[in-house]
Amino acid sequence: MLKKIVFAITPMCLVVLLSGCPILIEPSVLDDVLPSVAQMISEEGGVGFSIGDLPTPSTLEERFSYTYGYMLYNTLLQQDEIAHLNAPYFAKGALDANAGTAVFTAEEMSRILFEVQVKLLQIAQQELEALRTANYEFAHAFLEENRDREGIITTESGLQYAILEPSDGPRMDPSFSPRVRFTLTDGHGEVVDSAQSRLLSLSNLNPGFVEGLLLMNVGGRYRFWLAPDLT
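Following my numbering, the residues of the sequence shown are numbered contiguously, the last one being 374.
A portion of the hints provided could be inaccurate.
Pairwise CB distance ranges (calculated) [to be verified]:
hint, residue 1, residue 2, range
1, THR328, ASN229, 38 to 46 Å
2, LEU345, ARG366, 16 to 24 Å
3, ALA267, GLU287, 25 to 33 Å
When the alpha-carbon atoms are kept at most 25 Å apart in a straight line, the in silico SDA-like pairs for lysine to any residue are as follows [said to hold, decoys possible]:
hint, residue 1, residue 2
4, LYS235, GLN269
5, LYS262, GLY243
6, LYS235, ALA249
7, LYS262, ALA277
8, LYS262, ASN217
9, LYS262, MET252
10, LYS235, VAL246
11, LYS235, GLN268
12, LYS262, GLU250
13, LYS262, ALA273
14, LYS262, LEU215
15, LYS235, THR218
16, LYS262, ARG275
17, LYS235, ARG275
18, LYS262, SER208
19, LYS262, ASN241
20, LYS262, PHE281
21, LYS235, GLU272
22, LYS262, ALA282
23, LYS262, THR199
24, LYS235, GLU270
25, LYS262, ALA230
26, LYS235, GLN222
27, LYS235, ALA273
28, LYS235, ALA245
29, LYS262, TYR216
30, LYS235, ASN217
31, LYS235, PHE207
32, LYS235, GLU205
33, LYS262, GLY294
34, LYS235, ALA267
35, LYS235, ILE255
36, LYS262, PHE207
37, LYS235, LEU256
38, LYS235, LEU271
39, LYS235, ALA277
Hints are computed from structural coordinates only; laboratory data are not their basis. Quick reminder that beta carbons are idealized off the backbone N, C-alpha and C, glycines included.
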């Protein structure tokens, strides 16, 4: 009767001991086998132990260790950049650190981490560029349609605005530090920022916002549509 299955990873193959009888699994099929392997090596030489055989944590140290490992790995899984993390090798790294052994030197590990950082940065830059392109195309299509709406005024720079409440107050001046009430939304109408009373310095604002404020009279209420080039 089969009572226990032990897996041992060696450099050349996976050894499965069924009641003491070794069965070799060649490297060509390791990729299909490793994800389901519940055993990790505690020391070199093919001696393994079964993580699955561990009893339910009982002491505070055991319960904390399990909880910390579970939460850490679960957090990593929620990060898209770490979605390719290999669980068996992640566990082996922890076990090797505990045993004081390592497959790679500290210098090699530093290079590996650097390679991953470069790769993640490249992915992030590609995603940002794709998002920038999509937003640019969406914004220009929206503004092209919006400019023909009744009451919309378009300046030479491409800024679009509508006067909601005119005012006879003094005209805005570049030297002013106006106190404004505003709501900032994206192209889909989602609120990005808002304030009931905020003191602004024109020198710290984007060109579109500055141009819009200088069109206003104190006490007026305007609505602006800013092209990406003006933000």
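Quick rundown of the hints versus the structure:
Separated by about 43 Å at the C-beta atoms, THR328 and ASN229 satisfy the suggested range of 38 to 46 Å. The hinted window of 16 to 24 Å between LEU345 and ARG366 holds, with their beta carbons roughly 19 Å apart. The hinted range of 25 to 33 Å is satisfied by ALA267 and GLU287, whose Cβ atoms lie roughly 30 Å apart. At roughly 32 Å between alpha-carbon atoms, LYS235 and GLN269 are farther apart than 25 Å, so this suggested pair is violated.
Of the pairs offered as hints, the one joining LYS262 and GLY243 is violated, with about 29 Å between alpha carbons and a cut-off of 25 Å exceeded. For the suggested pair LYS235 and ALA249, the alpha carbons sit about 16 Å apart, so the restraint of at most 25 Å is met. Pair hint LYS262 plus ALA277 holds up; C-alpha atoms about 23 Å apart against a cutoff of 25 Å. Annotation: proposed proximity of LYS262 to ASN217 holds, straight-line Cα distance about 22 Å (limit 25 Å).
Between LYS262 and MET252 the alpha-carbon distance is near 15 Å, which keeps this suggested pair within the 25 Å criterion. For the given pair, LYS235 sits about 10 Å from VAL246 by alpha-carbon distance, which is consistent with the 25 Å threshold. The hinted pair formed by LYS235 and GLN268 fails the criterion: a straight-line CA distance of about 32 Å is larger than 25 Å. Between the alpha carbons of LYS262 and GLU250 the distance comes to roughly 19 Å, so the proposed pair stays at or under 25 Å and holds.
With a CA separation close to 17 Å, the supplied pair LYS262 and ALA273 stays within the 25 Å bound. Between LYS262 and LEU215 the CA atoms are separated by roughly 22 Å; this keeps the pair inside 25 Å, and the hint holds. In summary, the hint linking LYS235 to THR218 is supported, as the alpha carbons are separated by about 19 Å, within the 25 Å threshold. In summary, the hint linking LYS262 to ARG275 is supported, as the alpha carbons are separated by about 20 Å, within the 25 Å threshold.
For the hint pairing LYS235 with ARG275, the CA-to-CA distance comes to about 40 Å; that exceeds 25 Å, so the pair is violated. As the CA atoms of LYS262 and SER208 are separated by approximately 31 Å, the hinted pair breaks the 25 Å bound. Proposed proximity of LYS262 and ASN241 is contradicted: the alpha carbons are some 29 Å apart, above 25 Å. Taking the CA atoms of LYS262 and PHE281, the gap is near 29 Å; set against the 25 Å cutoff, the hint is violated.
The hinted pair formed by LYS235 and GLU272 fails the criterion: a straight-line CA distance of about 37 Å is larger than 25 Å. A threshold of 25 Å between alpha carbons decides the hint, and for LYS262 with ALA282 the separation of about 30 Å lies outside it, so the pair is violated. The hinted pair formed by LYS262 and THR199 fails the criterion: a straight-line CA distance of about 39 Å is larger than 25 Å. Annotation: proposed proximity of LYS235 to GLU270 is violated, straight-line Cα distance about 32 Å (limit 25 Å).
Proximity of LYS262 to ALA230 is assessed by CA-CA distance (about 20 Å); at most 25 Å being required, the pair is judged to hold. The suggested pairing of LYS235 with GLN222 holds, with an alpha-carbon distance near 21 Å, which does not exceed 25 Å. As the CA atoms of LYS235 and ALA273 are separated by approximately 37 Å, the hinted pair breaks the 25 Å bound. A C-alpha spacing of about 10 Å is found between LYS235 and ALA245, which places the hinted pair at or below 25 Å, so the restraint holds.
Between LYS262 and TYR216 the alpha-carbon distance is near 21 Å, which keeps this suggested pair within the 25 Å criterion. Proximity of LYS235 to ASN217 is assessed by CA-CA distance (about 17 Å); at most 25 Å being required, the pair is judged to hold. At most 25 Å may separate the alpha-carbon atoms for a hinted pair to count; LYS235 and PHE207 meet this at roughly 19 Å. Distance hint between LYS235 and GLU205 is fulfilled; the C-alpha atoms sit about 18 Å from each other, no more than 25 Å.
With a C-alpha separation of about 49 Å, the suggested pairing of LYS262 with GLY294 is violated against the 25 Å cut-off. Taking the CA atoms of LYS235 and ALA267, the gap is near 29 Å; set against the 25 Å cutoff, the hint is violated. A C-alpha spacing of about 16 Å is found between LYS235 and ILE255, which places the hinted pair at or below 25 Å, so the restraint holds. Distance check on the hinted pair: LYS262 and PHE207 sit about 33 Å apart at the alpha-carbon level, beyond 25 Å; violated.
A hinted pair counts as satisfied when its Cα atoms are at most 25 Å apart, and LYS235 with LEU256 qualifies at roughly 17 Å. Proposed proximity of LYS235 and LEU271 is contradicted: the alpha carbons are some 34 Å apart, above 25 Å. Straight-line distance between C-alpha atoms of LYS235 and ALA277 comes to about 42 Å, which puts the hinted pair past the 25 Å bound.
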